[in-house]
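Colleague: Which chain is which? The protein sequence lines are L, W, F and X, in order.
Mapping the first sequence onto UniProt numbering, position 62 (from 1) lands on 62, and the numbers just tick up by one.
Mapping the second sequence onto UniProt numbering, position 173 (from 1) lands on 173, and the numbers just tick up by one.
Mapping the third sequence onto UniProt numbering, position 185 (from 1) lands on 185, and the numbers just tick up by one.
Mapping the fourth sequence onto UniProt numbering, position 43 (from 1) lands on 43, and the numbers just tick up by one.
To be clear, the hints were calculated from the coordinates, so they are not data collected in a lab.
For glycine and all other residues, C-beta sits at the position ideal for the given N, C-alpha and C.
Certain hints may be false.
What the hints assert, rightly or not - One-sided and incomplete, this derived list gives chain L residues near chain W with beta-carbon spacing under 7 Å:
1. Ala119
2. Leu122
3. Ala125
4. Tyr126
5. Leu127
The chain contents come next:
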Amino acid sequence: MRLSGRQIDCIRGGRGVFSGLDFEASSGEVLAVVGPNGSGKTSLLRLIAGLLVPAGGSVVLEGGEAELTLPEQSHYLGHRDALKPALSVHENLSFWRDFLGGKVGDVSQCLTAVGLGHATHLPAAYLSAGQRRRLSIARLLVVRRPVWLLDEPTSALDTAGQDLFVGIMRDHLAGGGIIIAATHAPLGIGARELRMGGGK
Amino acid sequence: MTLIDLANPTKFLSLTARVLPWLAGATAILLLVGFYQAAMAPDDYQQGATVKIMFVHVPNAWLAMFVWGVMSLAALGTLVWRHPLADVAAKAAAPIGAAFTFLALVTGSLWGRPMWGTYWEWDARLTSVLILFLMYLGLMALWRAVDDPSRAARAAAVLTLVGAINLPIIKFSVDWWNTLHQPAAVLRMGGPSLDKAFLIPLLVMAVGFSLLFVTLHLAAMRNEILRRRVRSLQMMQASQQAA
Amino acid sequence: MTALAALIRRDIKIALRVGGGALIGVLFFLTVTVLMPFAIGPDLALLTRLGPAILWLGALLASLLMLDRLFTADHEDGSLDLIVMGRAPLELACAAKALAHWLAAGVPLIVATPALGLLLNLDAAATSAVALTLLVGTPALTFTGMIGAALAVTLHRGGLLLAVLVLPLSIPVLIFGVAASQAAISGPLSFGTPFSILCALSLVSLVVGPFAAAASLRHGLD
Amino acid sequence: MTSLGPYASFVVTSYALVAAIVLILIGWVALDYRRQKERLRELEASGVTRRSGRQATDIR
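In isolation and in its complexed conformation, chain L is listed as follows:
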């Protein structure tokens, strides 16, 4: 499986964020998108996720499931964690499992895997920022999708959480997954760098 972008232009609010961007990542590979604030890291991820329309160029996934689009084979983990405080931890995760569909796993197991096994029936409102992030990460586990688009995934996580997350990413890569992560801090895992901005 290979994810590649050719000559991508991105314009937001009339301002050119980046142009002529090329990248590629194959199965088992991490592409770390680095660069200063405003260089378009988040825009690139949202563009791959199909949430932004590129002004030029294209992104292609080769070797995926033919009848599905790229966004339907991607997980997007953004700054906002897509959790409803009124629902319990379990309800939040099982909603996303049912809604996103495809190959799904067991909700309780995934919650235990991210260290939330004790809190399954508590309202998500009671979780701390780090725990909310863990719950978002559980979403990556409960629904199997080959491409992970992660925006600052380790922010708000404590050291134990970061170690846990590195393990989760390793498993995903070993299963032939692709990870594209926008990050300031080192991910703790071997990655190819895509440097954004500055080089115009």
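Given the structure of chain L, go ahead and fit chains W, F and X onto it with the hints provided.
Modeller: This is chains W, F and X only, laid out in the frame that chain L set:
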């Protein structure tokens, strides 16, 4: 047991556990006696048997206002002394007050059907009670809208006090509005002089319903304290085993 | 199908839990209706005549105000991004959200109508006529209002802008809803004609609403 | 019991409604109490303790 002791939620719970059965028993007895006397009361020469509706209508209408008074006192406790038990008292009273107000409205309307020929007349009293009912519902909506109980308590306290000041103004305006449109006064409930045969069952019922309120209020306050305990324990559970 | 059912279940759950707004809509409906006689006067004959119009206006405003949060809440916490990325077509997801909204917020309005009919001195036949037209007409309000809600999300503005966008769109529903209820109460028109037009409006909005909302969400997210 | 005359249905409906609403209130309070107790017991079973170290279900 001093007042300070009462203010401690745990002490309050133990007191409630001891008092509630007696209160419930007294309430049941008074309401049964009141019901018997109401059934035995003679018909009114003007209103016929519908006068019996008064025996449940008047206590409910009086409680509708009394409960708002209780909540206003609790609101003062919340705002001035910032006491959590006052929050609990205010929150527990709202649904009970709303239920009594609803009953006052419905019994009033059932009394009005044979008297006026319609279920609803925009009579000054009924209309004021209807507005009171809306305010109760608004207050309950406010309690439900905010997840953090102490924040909700302060907002609800402000609304309760503003309501307490506003209620007489609303009553006055509605009276004025009503006389403006309807110079002919409709037949009013009760009347200035009340025969003893009606007064005694009415009083017994009034005391009975008041006791019912006290009983329900204490029980609801106990539930609310337990609910808060559950909430804080859940929050502790969320953080305790985070590692 | 499980995806859409899950979405409907989730939205209804959120609406009914603490902090959800389902019952506040009914309270608003009640309050607006009770306010009307203070402006018009307590003349029962007049209120009877105006009753259907008052109820329809109240229901229209109530359902409009509740629509504000339809997409905004999901947009703010990032859920909308994931809904767009789901395998369910966005049009169907929008329809599911609108259906959940109607079930949680629209149906209570219809249930409350008889009590309000009593206050406005409508008899049983008139009240049921109004309730029936609301049952048929409120889906149209929700599904056309959804277009405004989607636009409000993409423009990052809600509230009054939504009202200004959506109110003109709901004029036909209001016209035929009130006309049908009036026809049922006093004539002279037959009930069937305006009622069938109201049904047709609802059916059209069921189709147009989701497509327009999905289109505006797709092009407006950033 | 004296006869209630032509308006019997209104009187009976009033009393029945009052009884029904009061019973609903009592039922709500009782059910709520049982539910909170149940939750406290579950929380205690899962090993969460109060700051004061007392039992969660202890109301004395």
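Colleague: Look at each hint and say if it fits the structure.
Modeller: Quick rundown of the hints versus the structure:
{"no.": "1", "hint": "Ala119", "in the structure": "5 Å, holds"}
{"no.": "2", "hint": "Leu122", "in the structure": "5 Å, holds"}
{"no.": "3", "hint": "Ala125", "in the structure": "6 Å, holds"}
{"no.": "4", "hint": "Tyr126", "in the structure": "4 Å, holds"}
{"no.": "5", "hint": "Leu127", "in the structure": "6 Å, holds"}
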